[in-house]
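Here the structure of chain A is known, so what remains is to put chain B in place on it, guided by the hints.
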Amino acid sequence: MIPFVSRTFRAASVALLAAAAVLGAASPARAGLCSALPNPVYITGGGKVAIADLAKALSSSGISLIYKLQGSCLAVDAILNGTHVGTMTDTAASYWDATAELKCDLDPTGVVADLGLSDVFPSTCQSLPGGLPSNLGDFFGPVEAYTFVVPKMSTQKSISRAAGYFVFGFGNDSGVAPWTDENFLFVRDPSSGTQQMFGAALGVPPDKWKGVSATSSGDLVTKITASTKPEATIGILTAEVAGASRATLSTLAYQDADQACGYWPDSTPSGFDKRNVRDGHYAVWGPLHLLTKLDGMGYPINKSAGDVVAYLTGTKSPPGGFDLIALLAGASIVPACAMQVRRMSELGPLTSFAPEQACGCYFDEVATGKTTCKACTSAVECGEAAPRCNYGYCETQ
Amino acid sequence: MAVIGAARKQGYTATSARALLAFFLVALAAGSTAAACSLGNVAHDDCTTDTQCAAAFGAGSRCQTGFCTEATSPGCQKTGADGHACFGCTPKVTSDFETACTDATCAPFDDAKRLTKLTPDGGLPPLP
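If you're matching them up, the sequences are chains A and B in order.
In case it helps, the numbering used here puts the first sequence at residues 1 to 397.
In case it helps, the numbering used here puts the second sequence at residues 1 to 128.
Note that these hints are calculated values from the structure, not bench results.
Among these hints, one or two may not hold up.
Computed beta-carbon distance windows for the label pairs [claimed, not checked]:
| no. | chain 1 | residue 1 | chain 2 | residue 2 | range |
| --- | --- | --- | --- | --- | --- |
| 1 | B | Val93 | A | Lys103 | 47 to 53 Å |
| 2 | B | Val93 | A | Asp323 | 32 to 38 Å |
| 3 | A | Gly369 | B | Lys78 | 43 to 49 Å |
Ideal Cβ placement from N, Cα and C applies to all residues, glycine included.
So here's chain A without its partners, still in its complex pose (with noise of 0.2 Å):
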């Protein structure tokens, strides 16, 4: 009797202190409140690459980036609607100093954020038939394009819009092989900006979507690794995953309703130059929507977040040396100043689009290792045809 006691107590024991040593191996160690932090700015959303170099780059300035990681949706939520951001459950959230992210814990009640992060419009998560209240500050950051993947052993190479339309809307009924295996069709949750955006670019609202629901883009890329059945595989990512899981996953071109051809985000399948999301060719992407709330003069309320958006949307350069080019380049993230064409609605219109100070060269050499634009140190280098000297290249502007 009491041997078996023993045993059980002890197999517990084993277990709780080998689950203990897993956890902390795993995890950072917490630092406790996150509100005893210096200067605590509270961010929740996607774009935590971004956010995390970032907060690097802060963390002797005096200002503490606090991070909780929620879809889309829920970000727009937490600041158009100042819903709390964490639970009593689940409190962790990150920060980081200037070389490793660490963790602290939210206050069990949540936290009101002061900058959400939102790779789609507000209204495409929730309906403002009268626009974003004036208080409301949408700002447009990197771009990020969003993609269609398949496993590396898939042969296919390319998905038009409708036949995007048929797979995840019909789902076993699509008549698109080799698509037509609702058990190997990867999906996000209807919170979710990529899916929200893949939902708008199809025409397939995002609660309508068929297949099996991945709980990250993590979570995405290993079902799909780990697919029995990688030619009936598909599923959705941003660019920004699918480019750090190239070695294990293949991007389709996408060929949308004007097309007679699918075109990679890349100009080629291999490349790194984002050149058909700069300049129109590939059509599923957008801007990171920076949200906060703002003052009677139009200036965001917490200074420091709007300092965040700043850094973020290049209008003020990052204490610390922080390349936000580089870093984009290098996350398959494309610079507001490397883009070509913009768009002002959620797939909205395609215009052409000349940004104040242009980047598209220093981007390339940084994205490509190469570029085609002349090296210089100032504008007398620079020629009639792009007299700007930006970033150590002549652009045109």
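Below, chain B without anything else, positioned relative to chain A:
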């Protein structure tokens, strides 16, 4: 002349109807030698999807009741390196940007061959 007559019934100009006729005759004569997204692959003298029309006539050309409408800017239509029609002027609207001539690699998806559940007029059925 039946093609022109039918085109006129659809409200197309005589010029575009003649162009269509000429195209269909060439396509029929050429057989199926054209690229995957070309109307040359269509065995009879009508279209089934917008993609076929965009590939043959350029951005903005749509398949309406079996006939391709004229491209948005016919004077700007060129043939790209991949054999598809492309937009060769300064792009102004979305379809111009999406179909602008480029040396980027592309991979066609043949809606006409691979989509088995299009409506009879080539459209999308409502979601279940």
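Hints, verified against the model:
1. Remark: the range hint 47 to 53 Å for Val93(B) to Lys103(A) is upheld by a beta-carbon distance near 48 Å.
2. Against the hinted window of 32 to 38 Å, the Cβ-Cβ separation of Val93(B) and Asp323(A) comes to about 35 Å, which satisfies the hint.
3. Distance hint check: the CB atoms of Gly369(A) and Lys78(B) are about 31 Å apart, inconsistent with the given range 43 to 49 Å.
Hint 3 from the earlier list is the only one contradicted by this structure; the remaining hints agree with it.
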